[in-house]
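Chemist: Protein chains in written order, with this note's numbering: chain R, 16 to 270; chain F, 620 to 1081.
Check each hint, because a few of them may be wrong.
Said to hold, decoys possible - DSSO-like cross-link-like pairs, simulated, lysine-lysine; straight-line CA separation at most 27 Å:
# : chain 1 : residue 1 : chain 2 : residue 2
1 : R       : LYS92     : F       : LYS788
2 : R       : LYS92     : R       : LYS138
3 : R       : LYS203    : R       : LYS226
4 : R       : LYS203    : F       : LYS1013
5 : F       : LYS1010   : R       : LYS92
6 : F       : LYS1010   : R       : LYS203
7 : F       : LYS1013   : R       : LYS92
Hints are computed from structural coordinates only; laboratory data are not their basis.
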Amino acid sequence: MLKTFVVEDDPEQLATLKKIITNHIMINDFDMTLALATDTAQTLLDYVSANTDTEGLYFLDIEYAGQQLNGLELASKIREQDVNAKIVFVSTHAEMAFLTFERRIEPLDFIVKDLGQEAVKAKVEKDIRIAYERYNKQGVANKAMFSYSKGGQLFNLPLAQVLFIETGTSRNKLVLHLTDRIVQYNGKISDETVAHPELFRVHKSFLVNPKMLVRVNKQDQLGYFANGETIDIAIRKMHDLLALIKQSQLPVKLN
Amino acid sequence: MKYTNGVDFDTIRVLNYRYTGEGRTIVYVYWYIAAFDHCYSVMLVFMLQILINRELRQRRVYLTVAIMTLFLTGLYMWFDDYSDIATFIVNMGLLWFVRNKKYFIVTSLTATLAYIFFSFFGNFATETAFHLLHLDVNQWSGWLFELVGETVVTACMLAVAISFQILYKRHQRQFTDGVLLNVVVSALAVVAIAFFAVATAADNYNIGSGFLGILMIILVAILMINGGTFIYLFYSYTMRVQAHRQSLERKQYDIYVSNLESSYQNLRKFRHDYQNILLSLGEYVHAADNPALTHYFDEVVDQSKTSLTRDFGHFDNLDRLKDRSLKAIIQNKFSVARQAGIQVRLEASEPVDELAIDPVTLARVSGILLDNAIEAVTGESDGQIAVAVVKYPKMVELIFSNSLATPISRPAELLTAGRTTKGAGHGQGLATVRELLDPLENVTYELGTATRFEFIISIESE
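Extracted from the complex, chain R is given alone in its bound form:
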């Protein structure tokens, strides 16, 4: 069962949120409950710490007047306990720190209170539906994840976004190419080859996600990706790569 939580320090707004959520769950007959609706952040944190197997949808405000925890800290602590937590920030536009939250929390959504009651209601309901869908799919296809670390911080992302890892221009720096992102981080390609068995080392400076290759040119020893990026493939590795493609029946064009 997916549990829903609300932390909002304004009693009227808390009551409204409670009403919207319980009504929507009831109307749609979702396998969900409103487990906790409170005005203190610490209460939710205590609940999550006590019930470590919680999987939840959390509606959080960002600033709680007079409380030690703020929305960001609360969310990051929830994330530590509940890896799949679906977090929605409900706050005024001025308090939102969209970039920061996206980077640190990866929230499900932001709901801007100033947009008016109707808009807030519509968004809360939509987020409940999305969270419920994701919760149900989660069990079926446990998506493969990829992670890298920076400054003691772990960043996770779906493996389906990873194209390849390349040795950087300076020592001990690697460049991770994603479908719409370039990430430079500290590491050695030999260590990464061991750490990520799902990736394939095609060259002394390239570690590739073979599932993302769209075309391999045997003559020029080049591999192509959907966004047009290319990698070099060593002659010794070409044979192994082709065997892997054949064996896993990957949709890679050969020419």
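The hints should help you fit chain F onto chain R, whose structure is shown.
Modeler: Same frame as chain R, now just chain F:
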């Protein structure tokens, strides 16, 4: 004038000496030549002055100059000592006619000194010429000597006038600069006084003109050195005063900014409370089931919503940044962006101290990234720029982002010089950022183009 054209000094004495027998004629000739010489000398000085100072070109001045010339010629015929000083002092009477007194002093000193110098030179040149042509200076060639001498001096003075005009045209601004004029005036005054003093001394103690020349050279050299030292000291003093003033201004600016920040924080608190009051009031109003009240309330909320979100944001969270160079550059670029009608926001959820990166590198990199962002969204109706400072236990990340009108499919291309979506030649910026950040061991970066353009600099604390 005594040291000037030698006729009344050397030549006439020689003439006197040679033709003692025909004393009368000689005295007659001597008188004419001397009168012409004096008159012409004085005229030359005035002429040069009028040529290089436009303000003197008026009828009253011409008249005064004519009277002065007559007066001075008469004076010198009667009493010839200290004629240069006398000319210069009488000359100062022209100050009456000009408004730009300082500039007049420059021109009149230039004219007097130039005349003194070139009459020496003219005399010497003429004597040399006569000597080379084996011409004797006698009763009749005295006139010739005089004519040649004055022609040389006149030519030199005209050259001075022309070069002064050229100098004035090329460096007009320097001539109106008060400080520079002061320096020039004092330098010229010192040279003039020195010359007059040395000349007077040489005269009274009967020192020869050769020794006088050497004395002059030494004196001028000393004056040059003194002048240089003076100018150097003057400027270094001005610089010090300026630096002091700047640091004072800086301090005041800092106080101003911190006051602004604290009052802005109060405003933010108020806005927060106000918005929340409005929101909870809204709950009651909607529950009350009074259509007129609901309608009125919604209108009020609509209005305050736009006014509350519109012009806020550019100062938000700035007080949380303690790194001065980052703060300064964000403040600067945000105000540029705001003037271009771009929405800006700064996110800093926690106070951030000094960052573990060289401030100059950080300033250059963030400057380039913000300039790129401003350039990218300028002209877009809904352009947005946001900067976030995200703090982790062992790392600080700076996120620079801007909205994208059209998505970029290949982010890797952006990092190569000369290839961007902005057209050829604009990609140098990101390539420079890369060059600056690549060598830093504790710094890595990310570049994202999914829904918006995003450049993240991760600075690990050492």
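Chemist: LYS1010(F) and LYS92(R) were given as a pair; does the straight-line alpha-carbon distance stay at or below 27 Å?
Modeler: holds (15 Å)
Chemist: Taking only the CA atoms, is the gap from LYS92(R) to LYS788(F) under or equal to 27 Å?
Modeler: Violated, at roughly 74 Å.
Chemist: For the pair supplied as a hint, LYS92(R) and LYS138(R), is the alpha-carbon distance within the 27 Å limit?
Modeler: holds (24 Å)
Chemist: Quick one, are LYS203(R) and LYS1013(F) close enough, alpha carbons at most 27 Å?
Modeler: holds (21 Å)
Chemist: Could you grab the alpha-carbon distance between LYS1013(F) and LYS92(R) and see if it respects the 27 Å cut-off?
Modeler: Given that 27 Å is the threshold and the Cα spacing comes to 17 Å, the pair holds.
Chemist: Holds or violated: LYS203(R) with LYS226(R), Cα cutoff 27 Å?
Modeler: Distance ~22 Å between LYS203(R) and LYS226(R) Cα, so the pair holds.
Chemist: Check the hint pairing LYS1010(F) with LYS203(R) against an upper bound of 27 Å on the C-alpha distance.
Modeler: Holds - the C-alpha atoms of LYS203(R) and LYS1010(F) are around 26 Å apart, at most 27 Å.
In the structure shown, a violation is registered for the earlier hint numbered 1 alone.
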